[in-house]
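Chains C and F supply the protein sequences, listed in that same order.
Using our numbering, you'd call the opening residue of the first sequence number 97 and step up by one each time.
Using our numbering, you'd call the opening residue of the second sequence number 150 and step up by one each time.
Hints are computed from structural coordinates only; laboratory data are not their basis.
Fair warning: there could be bad hints in the mix.
Derived Cβ-Cβ restraints for the label pairs, each shown as a range [said to hold, decoys possible]:
1) F/F630 with C/E236: 38 to 44 Å
2) F/G345 with C/T205: 22 to 28 Å
3) F/D213 with C/D232: 28 to 34 Å
4) F/I625 with C/P229: 43 to 49 Å
5) F/I452 with C/A202: 38 to 44 Å
6) C/P296 with F/K569: 19 to 25 Å
7) C/T205 with F/D357: 53 to 59 Å
8) C/T205 with F/G677: 47 to 53 Å
9) F/I673 with C/A202: 56 to 62 Å
10) C/A202 with F/G416: 41 to 47 Å
11) F/G345 with C/G133: 47 to 53 Å
12) C/V289 with F/G571: 42 to 48 Å
13) F/F630 with C/A252: 18 to 24 Å
14) F/G571 with C/R237: 55 to 61 Å
Using N, Cα and C, we set each Cβ at its ideal position, and we do this for glycine too.
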Amino acid sequence: MTASVPHVATEDRGDGRFLSQADCVALIKRANGYAVGGGGTELSIESSWTGNIRWARNAVLSSGDVRENDVWLTRIVRGARSSVVLNVVDDAAIHAAVRRAERFMAFQTEHYEITNRKLPDEPYAHPDIWSAPTYDLNAERLAESMQRLSRAAVSAGMLSAGYENAIFNTISAGMSRNTVSQAQGIARTVRRVMTTCHSPR
Amino acid sequence: MSRKFTRRRFLQAGSAAAVLGAGAPSQLRGLGSHSPSPVRASSPGIVTLADETSVKLLAMRAIDAARSAGASYADVRLTRIITERFQAGAGTFALMGLGPTNGAPEDYERLGVGVRAFIDGCWGFAASARWTMEEMPVLAAQAVRQARANAKASPRRIELAPATAVTGSWAPPGVIDPFLVPPEEKIDFLRDVADGPVRKLALRRQVDQWGGAWDITFTRLEWALATTDGTYCTQRRYTSDGKLTALYNSIAPNRSSFGMYETDYPGLVAHGWEYCSDVALARTRFETVIDKHYHPDPEISRIPVDVGRYDVVCSAPVACQLLQQTIGEATELDRALGYEANAGGTSFLNDPLSMIGTLQVGSPLVTVTADRSTPGHLATVQWDDEGVVPSTFDIIKAGVMNEFQTTRETASYLAPYYAKRGTPVRSLGCAGAESALSITMSHVPNLTLRPNSADLSFDDLVRDTKRGIAFVTAGIGSADFQNKTGVVGGPGAQVREIVNGKLGRMITGAQLLYESTKLWKSAIALGGAASAHSHAAFSEKGQPSQTTAYTVTAVPVKFKDASIADATRRA
């Protein structure tokens, strides 16, 4: 049984800012391919891109562009579970993570009663909270946004401090057992603005 | 579904410092003489880089790309944080690592590379977890693009304080890398420590079920820093954090009882296996906490608090918390300048140029020193995250505001002061970051309240007080957004009356209500060096938020006419 994974064009622009749904499914399969000793391999993946700008005293302090992954990899053999958490998703890293999880399995107790536990087979949620304009908030647009947001404070002779960020991520979870993959996940967009105004002293 | 394992969440869960770790041969070789862990050696490499030369090549590629793209200054940091958490126990409870079943070892690893570029007084920053030659120019170009866009939108006239280029490697001396100890050995050791004391407890209590466990987390942080000024250095440090738990249960109808005791051991410290593996010390600590519960202090009568002004004697742990809440964050120059107005909070010291060197913030007894060099303390490094050798300096000197905590960026704000004093503008070395995935900013160094030269103890300060209140433990502390006012005490605090030089009844609901400068100006006696206590504290600031750890050390303090409020009173 193989879960159907609809391709969502708005989410996967191929610019590598964060893992797509297809990347996540492939990652689950790769992890399973490295597993030795039977059982299953569960992955929970959160892959994100964050663009942000931060200002105080009416001037930009810094802005950032951060790409990050959180991968929880769990090997389950006869009900014994062992997890490794990492943020690198290349082959060597995943291979090493599977080996470490299996190494730590030696310290676990087996629980046969949960041997056949499996995740529900669900399709990806459609990313209807996706916002293309937010995804296009690049360095220049964030700087312009900061100017707009602090304009009123500047006009009033006050000091503005603030922060704006845009976060895009894919959250996936899946289990592989031999060649069978199941995956579920959602892609989302978050845009957040926080500002403070205060007197010069 | 997300199970993002942030550092904060990890701390909230009652465990250690940073997060993320697992095992592969170190990618930052040359940081010490240890060979790779037997566990890690059995795993293939986590990234394709194999030696320090490769790491340096990555760093230099990023620096060259940033310089070529137009950065007037740039730095790159590569960090690798690995963490292992073990739980092991002894006894008949097979629950949560208590008893013969081990808790699951947890294993985290996080890589990071962050490039920071400076153009016309503005920073740009880009980071990811990809340690590849292709990734470096991508990050550098993005950081420069960010800085350029920011400079165009709001140029700032800031010059970075000069810094001498440094090269080299550093690791704390005498530390045994816990990641070189096989997990079997760690678990056997932990179980062994837990077994003896709780077995004794079980025999004395004649209980049916008993268990003991030690939950300990080891973290190793390795990082490389390169700058366009010619700095290239690598560093490594460790933290250990542990908690001991004992538990018993009697199920017979006529003697049913249940007890659970916990104590931090070793707490969060910047040490490795050498510190935790002292079996005699660990057992003693475990037995002490069990005995304390087995033979509790005689019941002390309780009285409600009578609000007003009292001479207050604070134990060293309470003084640590006060120091952290009043001076620790307030003397960070970026907070004083308002940079944290939208995030971690500002400072009551909000006019640095007119305050530095002149403002009386404490009594002449009060001197607070900052350092990043004390062995075993959490902020200790050889170089800060801008390659500056951190200074040891007096923040408060004989009660006067003497220095702010600075970085290369913020130090330039104090140029007029340094010019008047005839000294060059310089960073005091407070730059840091949670990892390379967070931008470098000012973080609090280790803080020490200088002890009295006389060898006075907490009991001596109490003995010298005719009528007053003693704060033995701090309970819940909090401070306002500027660290100008705050409280310690309230629920969970152990507060005692002082009558004729002796500790008396327990006072319920008492809170020490303070205004920072008035409090420290009222300090009339301090304990000596032998009464000092250290504990871990955390600096949380920035957007996105980041947290770093530091160590606070203080001695008992006696304050004159301090305000005592009733935490239980409702308006």
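* Asked: Between F/G345 and C/T205, is the Cβ distance one that fits in 22 to 28 Å?
  -> Holds - the Cβ-Cβ distance for F/G345 and C/T205, about 24 Å, lies within 22 to 28 Å.
* May I ask you to test the hint 56 to 62 Å on the CB atoms belonging to F/I673 and C/A202? => 60 Å Cβ-Cβ, so the 56 to 62 Å window holds.
* **Hint check for C/P229 and F/I625 - Cβ pair distance inside 43 to 49 Å** => holds (44 Å)
* Do the beta carbons of F/G345 and C/G133 sit within 47 to 53 Å of each other? -> violated (36 Å)
* Take the C-beta atom of F/F630 and the C-beta atom of C/A252, compute their distance, and say whether it sits inside 18 to 24 Å. => With Cβ atoms ~21 Å apart, the hint holds.
* CB of F/D213 to CB of C/D232, is that within 28 to 34 Å? -> holds (29 Å)
* To do: Note whether the CB distance of F/G571 and C/R237 lies within 55 to 61 Å or breaks it.
  => violated (46 Å)
* Asked: Taking 38 to 44 Å as the hint, is the beta-carbon distance of F/F630 and C/E236 inside that range?
  -> violated (32 Å)
* To do: Could you see if the CB distance from C/P296 to F/K569 stays within 19 to 25 Å?
  => holds (23 Å)
* To do: Could you see if the CB distance from C/V289 to F/G571 stays within 42 to 48 Å?
  => holds (45 Å)
* Could one say that the CB atoms of F/I452 and C/A202 fall in the range 38 to 44 Å? -> Hint violated: Cβ distance 56 Å, outside 38 to 44 Å.
* **Satisfaction of the hinted span 41 to 47 Å by the C-beta atoms belonging to C/A202 and F/G416** => Violated, since C/A202 and F/G416 (Cβ atoms, about 30 Å apart) do not stay within the stated range.
Of the numbered hints given earlier, the model fails hints 1, 5, 7, 10, 11 and 14; all others are met.
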